[in-house]
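Place chain P on chain L using the hints.
There are 2 protein chains.
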Amino acid sequence: MQTLLDYYSTHHERFIAEWKEFLSFKSISTDPAFHKDCVACAEWVRDHLAKMEFNAQVWETASRPVVFAERLGNAAKPTILFYGHYDVQPVDPLDLWQTGPFEPEVRDGRMYARGAEDNKGQVFSYFKALEALLGTGADLPTIKVIIEGEEECGSEALHAGLPGWGDRLKADILMVADTGMVAEGLPTITMGLRGIAHCELRAYGPKMDIHSGVYGGMVLNPLQALSRLLASLHNADGSVAVPGFYDGVVPPSDKERALTNGAPVNIDEVVSFLGVPLAGGEKGYTPLERRGLRPTLEINGIGGGYQGAGGKTVIPSHAVAKLSMRLVAGQDPYRVLDAVVSFLKKDAPEGITIEVVDDGVGGPALQLPAESSVVDLAQSAIRKAFGRDPACTWEGASIPIIPLLSQAAGAAPLLVGFGLPEDNIHSPNESYSLRQFEEGFRYVASFYSCL
Amino acid sequence: MQTLLDYYSTHHERFIAEWKEFLSFKSISTDPAFHKDCVACAEWVRDHLAKMEFNAQVWETASRPVVFAERLGNAAKPTILFYGHYDVQPVDPLDLWQTGPFEPEVRDGRMYARGAEDNKGQVFSYFKALEALLGTGADLPTIKVIIEGEEECGSEALHAGLPGWGDRLKADILMVADTGMVAEGLPTITMGLRGIAHCELRAYGPKMDIHSGVYGGMVLNPLQALSRLLASLHNADGSVAVPGFYDGVVPPSDKERALTNGAPVNIDEVVSFLGVPLAGGEKGYTPLERRGLRPTLEINGIGGGYQGAGGKTVIPSHAVAKLSMRLVAGQDPYRVLDAVVSFLKKDAPEGITIEVVDDGVGGPALQLPAESSVVDLAQSAIRKAFGRDPACTWEGASIPIIPLLSQAAGAAPLLVGFGLPEDNIHSPNESYSLRQFEEGFRYVASFYSCL
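Chains as they are written, first to last, in our numbering: chain L, 1 to 451; chain P, 1 to 451.
If we strip away everything but chain L, and leave its shape as in the complex, we get (with noise of 0.2 Å):
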């Protein structure tokens, strides 16, 4: 490890000259104004990884390009795929920017740019740790990168390609550096993800918006049908009310529990930072395992009639509400959203048309074994390279195509990332501070060499 570390010191200067250079191009994914400079960028990743022995290429997508690079090594070790992204969120508003989002700048200890951290930030600490594991003649298994330019705007590529690409991923351990840890200083293995579903629920009444004084009490509103059938989705409980929602939910076990719970996260941090107390989901559960190891129906957003100033007499013609449900392991994504749509679809009171359009799945949930050989690879390489154990977190979010792109590649994933929350990724002044970059790749290092 000391060679590797020293490698790492060496080599310090140009690793962030090179790290500048990526983070230079204007990779923003969801604006096609910038599909060049992907491209671009997604070359410069082919020639970076190509200079390190992989035979690197940029597959060519109805969208953005794809970098997929592959070095055959020791075939007794497992093979490894890794995933990261290229593409960066926009960068508006651009005033409050110290410095231009893609002039990269370090400031104290921290590398300021779009991508700082997210994605390239990480991706580029796996780069350096894998160039340094080359240059000190370490004994490497085969290794895959696939590094796609669609993260921040739904990975259509990937989507579109991974049925088709399932042979060239082929892997034993996805591993993936695009999550954060729990607290500074402590690695930590994400366990889980959250799968995601959605749709949104239309209830139509009156052909227009009608006199609330002159058909009130003849009509029915369709913001009451709408209100009633929104809270009929929960129990008093807290509970999601509609039949089949929970169908192939796995308990957690006893040890995901303490490890949710003992993760070191400061309620009342987090109580006074939100402002309100963790009142919501289950009853039964702490507030990390309703957020990690429960599954959500969540209201995101709803609308009818008048909202404007004042007040205004109207029985309007119809009502929204968006919907998404936070998925755990178990639950198949289609057909929770086929069980939630039947139970906004059923008994539509008498003069209330109940539709449901843009339903659907962004992707299933994704949860390792609290049990499982590559969770303790992970922990070994990390109590190695850090002198502590690792922390261990469910979130409560979703990167849909990680557990496709597992199930693609028929390879375990393993989440081990290094941002925190101050590093702002999609806001201004997004960084990453030196000491994460080199967390990332001592982190790295120590994994290889524990294979």
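One or more hints might be untrue.
Claimed, not checked - Covered stretches of chain P, going by a simulated chain L footprint (3 or more residues, C-beta under 8 Å):
(1) 198 to 210
(2) 225 to 231
(3) 267 to 278
(4) 309 to 320
(5) 392 to 398
What the hints assert, rightly or not - On the chain P side, residues computed to face chain L include the following (Cβ under 8 Å):
(6) R194
(7) G216
(8) M218
(9) V219
(10) L220
(11) G281
(12) P287
(13) T296
(14) I299
(15) N300
(16) I302
(17) G305
(18) E350
(19) G351
Just so you know, these hints were derived from the structure itself, not from any lab.
Where a beta carbon is used, it is the ideal one built from N, C-alpha and C, also for glycine.
For chain P alone, coordinates are given in the frame of chain L:
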């Protein structure tokens, strides 16, 4: 009666010319830019009444002026107070008018102009009946006239002035010509108008909109809390679930129910117009009873979270709903509003703060007893003038100033008007047929003849 109709025929051309003068004032009350036009219109009304031997005055107020006029008459007869308004609605969208809204024109037997019906047309047919009665030597009672200039924007001056004007306004019968007929050619007594109160409900959760993945299950979603609260406002049978809401409600008599249901309203046409069955309101009452004789609590608007295209996985910081109540005889609007506000505020779930803002009372219900000498009088007058029985209707809408004026004047209200839906009041190309104008004249002439 024939003498009066002869008078109408003889002077018809002049009536139309004067009516056009009245309609040419841009007396839009809601826009201060038209204040001078309102003053000029009030002075024109004053002068017109002065020519008919009224002691007529323009009362300055803090907003638009009020015209008050009085003509002493036979003290053995009941004193009449006539109410109307000289102000009109705004005229936009102007490009939809076939001729200028303040350039009155008769086409195909209809007078087209803003205010042609509402309320200048109805008021002016009343004036012309008084002129005819005076011109033919009728034995008239003491008649008072109050024509306000803010009916279309809240009657501010009347609300402020009524407590002090009671003595001047004192009368036995308050005649109002600001309502309509249930069918063409069928004079209609409006037996009831519902009262109105309103409020806005706000449910506050976390300090800011938050990620529904990261926090979903930890935090109670304000949209879920709002939906539950709104759903709890009504029972499964459609009745209002707020304790105290129905306090004081006078159950409709058999005669009222029979008259209400006997109104020649084509329910099939209403259903076809609205596009929905009349399935709202309380079980156990007909649609016309639910609209005219029963109170309601309606949600007029609702909003919170993301309402744009697509989805956004957010738990919003707050949600709002606008509510209004339509009230019937016996309900104290202030007590009903208190009951609703208390209901909304009680039992807020943990993590949600409920606020009720903009709560206020428009006015109480107005309801004429089905058996009353004033209604008998109107029925006799209509039978005499039209050779048929009038219809009786209990309206669902509100004209809050009428019950307050009735109380201040100590006068029994009597609402007979000749409006029809095709008059397009408040809309472009407002009009009033010469037939309706003549029907108004005929009713008023007959009414005074019956006193």
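Checked hints:
With 6 residues having a beta carbon nearer than 8 Å to a beta carbon of chain L, the region 198 to 210 of chain P meets the requirement of three or more and the stated coverage holds. Only when three residues or more bring their CB closer than 8 Å to a CB of chain L does the claim for the region 225 to 231 of chain P stand; here the count is 5, and the claim holds. For the region 267 to 278 of chain P, the stated coverage by chain L is satisfied: 7 residues place a CB nearer than 8 Å to a CB of that chain, which reaches the threshold of 3. Counting residues of the region 309 to 320 of chain P whose CB lies closer than 8 Å to any CB of chain L gives 9, so the stated coverage by that chain holds, three being the minimum.
Coverage of the region 392 to 398 of chain P by chain L holds [criterion: at least 3 residues with CB-CB distance below 8 Å; count 4]. With a least beta-carbon distance of about 6 Å to chain L, the hint placing P/R194 at the interface is held under the 8 Å criterion. Interface hint status for P/G216: upheld, as the beta-carbon distance to the closest one in chain L is roughly 4 Å, under 8 Å. Checking P/M218 against chain L by beta carbon gives a least distance of about 4 Å; that is within 8 Å, so the hint holds.
Because the beta carbon of P/V219 sits about 5 Å from the nearest beta carbon in chain L, less than 8 Å, this interface hint is met. Hint on P/L220 holds. Least Cβ distance to chain L is approximately 4 Å, under the 8 Å limit. Checking P/G281 against chain L: minimum C-beta separation of about 4 Å stays under 8 Å; hint holds. Annotation: interface hint on P/P287 holds; nearest CB of chain L at approximately 4 Å, less than 8 Å.
Interface hint at P/T296: satisfied, since its Cβ lies 4 Å from the closest Cβ of chain L, which is below the 8 Å cut-off. At about 4 Å, the closest approach between the beta carbon of P/I299 and any beta carbon in chain L falls short of 8 Å, and the interface hint on this residue holds. Annotation: interface hint on P/N300 holds; nearest CB of chain L at approximately 5 Å, less than 8 Å. Of the supplied interface hints, the one on P/I302 holds, with its beta-carbon coming within about 5 Å of a beta-carbon of chain L, less than 8 Å.
Satisfaction of the interface hint for P/G305 is found here, the shortest Cβ-Cβ separation to chain L being roughly 4 Å, below the 8 Å cut-off. This hint holds: P/E350 has a C-beta 4 Å from the nearest C-beta of chain L, less than the 8 Å allowed. The interface hint given for P/G351 holds, since its Cβ lies 4 Å from the closest Cβ of chain L, which is under the 8 Å cut-off.
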